[in-house]
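Novice: Given the coordinates of chain A, work out where chain B with the ligands should sit on it, guided by the hints.
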Amino acid sequence: MIKVKKLFKTYKQGVDIVVAVNNACLNIKKGEFVAIVGPSGSGKSTLLHLLAGLDKADSGEIIINNTDITKLNNEEMIIFRRENIGFIFQFYNLLPMLSVKENILLPALLSGKKTNAYEKIINDLNIKDKENYLPNDLSGGQQQRTAIGRALINNPKIILADEPTGNLDSINAKNIMKLFKHYNNLGQTIIIVTHDLRLAKMATRIITVKDGKIVKDVKNVKAHN
Amino acid sequence: MLKLIIRNFYENKKTSIVFLLSIIFSSMLIFLITLLFSAVHKYLLNEAIKNTGDYHVKIKTDLKNYENFSVIKNIKWQDDKVLITYDNIYDVYKLTDKLCKKAKCAEIEYNDAYLSLYGISKNENLLNTLKYLIIIVLAIILICMVFIIYNVYKILLINKYKQIGLLQSIGMTLKELRFMLLFEAIIFSLLGIVVGFIISLLAILVLITFINNSFKIDISFALNIKFLFYAFVFLFLLILIICFIPFFKAKKISNLKLLNMNYTYKKNKSFKNIIIFLSYLNYKRSKSHYKSVIISLVIFIVLSSSFNMFLKYGEEVINNYVSMPSYDAEITVLENTDEAYKLLDSFASKNSSKYKIYETCKTKININRENYVDKGPNNLNLYIIEGNNYFINEANTVITKDNRIYKENKSYFKKEISLKVNNKTLSLKESKNIPFGFENILTKDNLLIGINNINDICTPNLTLFMKSDEVNLEKKLKSLLKEDFDLYYINAKEGKKIINNIILSVKVFLYSILVLTFLIGVSTIISSAYLSMMYRKKEFGLLKSIGLTTKDFKDMITVESLYITGKASLYSLLLVLGINVITNSVINEVIDLEHFSLIKPFLCTSLISLIMIRIIMRMCYKRIEKTSIINLIYNDNI
Ligand SMILES: Nc1ncnc2c1ncn2[C@@H]1O[C@H](COP(=O)(O)OP(=O)(O)O)[C@@H](O)[C@H]1O
Ligand SMILES: [Mg+2]
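These protein sequence lines map, in sequence, to chains A and B. Start counting the first sequence at 55; every next residue gets the next number (my numbering). Start counting the second sequence at 43; every next residue gets the next number (my numbering).
Next up, chain A with everything else stripped away, as it sits in the complex (with noise of 0.2 Å):
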């Protein structure tokens, strides 16, 4: 479903040049949850932003369900993201003047398509209590879940996820990596970004990322029972 063939990205650093992404090559299969660990500053936001064409490689290929998105201009980008990834931010970045329900419905309202997943979502979220609130109302936890809502709405192929429980105490993030999970069981192609192990130990696959190179990757079998 996911194939990234030598990627590199770099960033200027004043003089110095940091290889944030040093010669990737991934292969992730349809169904797949995968949680990419790594120190800090090792490069795995950098990684999956660019999985999500939030960022431009350097060079490489990343291929999604047979489109190279790394050839794609900044229009058909959006577009394609659009219909086929739900990206989640460490620091949920909703819009502040959307109330929960606006929020989680923008990207259908967007792409001007018809969903009728919105009340299956935000029950399954548990914040159908909230559905009017503005994000500022909301404590971390509900707000992470409208984000989710809203990398959901589209139904999405893949959903990628950056540090989803960072900002978070034990028992919300523990209640978030479930809902992940749920999702996952229904078929959900997921990857996300944890430096916390014993949350990563959820997934299915544990990808560990070193000074910007893929440096282990391994099944997690206990957690496909």
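What the hints contain is simulated information worked out from the structure, not anything from laboratory work. As the structure is a prediction and not an experimental result, all values here were calculated from the model. Cβ coordinates follow ideal geometry from the N, Cα and C atoms, glycine included.
Which chain A residues stay away from chain B? Per the calculated CB distances, all over 10 Å, these:
id: 1; residue: 83
id: 2; residue: 169
id: 3; residue: 174
Each computed DSS-like pair below joins lysine-lysine, with the alpha-carbon atoms no more than 25 Å apart:
id: 4; chain 1: B; residue 1: 593; chain 2: A; residue 2: 110
id: 5; chain 1: A; residue 1: 167; chain 2: B; residue 2: 596
id: 6; chain 1: A; residue 1: 66; chain 2: B; residue 2: 664
id: 7; chain 1: B; residue 1: 580; chain 2: A; residue 2: 66
id: 8; chain 1: A; residue 1: 110; chain 2: B; residue 2: 664
id: 9; chain 1: B; residue 1: 384; chain 2: B; residue 2: 518
id: 10; chain 1: B; residue 1: 596; chain 2: A; residue 2: 110
Covered stretches of chain A, as calculated for chain B (at least 3 residues, CB under 8 Å):
id: 11; segment: 123 to 134
id: 12; segment: 159 to 168
Specialist: Just chain B with the ligands now, with coordinates in the frame of chain A:
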């Protein structure tokens, strides 16, 4: 520290330069106006002293030993009256009262021409009105200036934010950081103010020379050190305060967020179109960012349309009140007149394409008393000129020594009068007023009326009017008449030149004010619109990340610019209507003109604003589009 600031400057070159320019520009405007005012003030003061002297009050009194009256600075005798100059001019009325309690005073005569220049005359106080006008203009400029500098500085800060974070992360305390920014602001403002002052100094020198040359007057440069010092300090502090507003605001934001926690969501109006909905919500949310854009638009629309009116006012005055003599020379020969005029006549008729001579005569006229009940004179000297067609303008424009202007066919000149010239009756309309500053130009001629056959009215005498392109007409005529005749020659061409220069100066002045206000308005709009877009970088990134396409963005910007301009236009309309009513009533006191309507310029400027805002937003968006989504999202605002 200085090194760091210079580094900073290079890193944010563009914005830093714009910031510096905005300071230079603003201080330049302020210095320019104040310097011009002091120069004109000094000129008027000199004129007043020349005309009436610099005493404060003239009294006929029997008081002796004025020297004992300690508040008196200087005393002069003029016939049986005494001219008093006090130490403190502002106490002139109080002190005179006191003085007159001690002694018998009669015929107290205040030197109004002089006192009014200090704004303390009880009578007409033109200077005070002028002062208020200047204060209003200065206030507008100050508001715009605060706006521009504040916005540009914020943009500078936003651009610097990464750096600031970096500096903090390597251990620079907030206090040190603030000190650095303060130091930077001080250097920028000092530099900007000094450069602005120098530029305005040069500009004022050029302007004064130009005015002196065209008006043939002698305005000299006046520099009030004390005043200048105050202006410097004021500007300096103002800029520093402006630069520190963002920091005070930053502190407040956390409180605001707390407040937000209790804010319960109100059901939004539902919109069919998601783009309009987003724009609407965005407007609701970031009202404070829009506010500055709207205010700058209002300033722009109101300023541009009202100055447009001033321009029209100036043009109307020129068109209706300034009449150019159509002749180039006025010739009088006192002795052997007939012989001389015969000589001149034959000289002109030989070369009729080059020289034209018109006979004139002087006569008395009667102004129809029925219609003309004012205190004006009913017996005036009147020049009758031959050639109705040629002097058609003069024939229809009659100007008298008591500052009245009469014109034919001017519907807005209300009062109708008829002039009886011997048996001929001329029906004319009288203007109530003469516009300020035009008295001298208009009263140059006495009365001038063109008539087809001059002999019907009076016998030609004395003065000839001559039209010729000849440069050395005077020399030529003198050589023609030789020493035998005593020729009086008045060069009307010179007068024309002066009037032309005056017209030119007035026009240049009006247009430059228009351009200036336009520039101020435009830069205010650009700075605030740019800032509001910079604030939305993150939002744009977010919307993009969840699928808003470029076309959607373009639509959104269109909707927003429509909304902003619409709102600004609404506010401006109210202001403009108010201004329209007030100015029309004021102008009607000064000149007789048709009612000015501000609606057309208002519509024009509103349209310009809409286009401008759209262009600026689109340009900003194009710049933002180049940045990757991730950079947009993680580029935090202050
Ligand atoms: N926008 C950027 N500009 C410059 N350097 C960046 C940028 N984003 C990331 N980096 C650098 O790239 C490296 C990887 O960053 P990141 O992917 O955020 O790491 P992680 O998410 O694993 O903590 C880091 O060294 C970071 O400093
Ligand atoms: Mg990260």
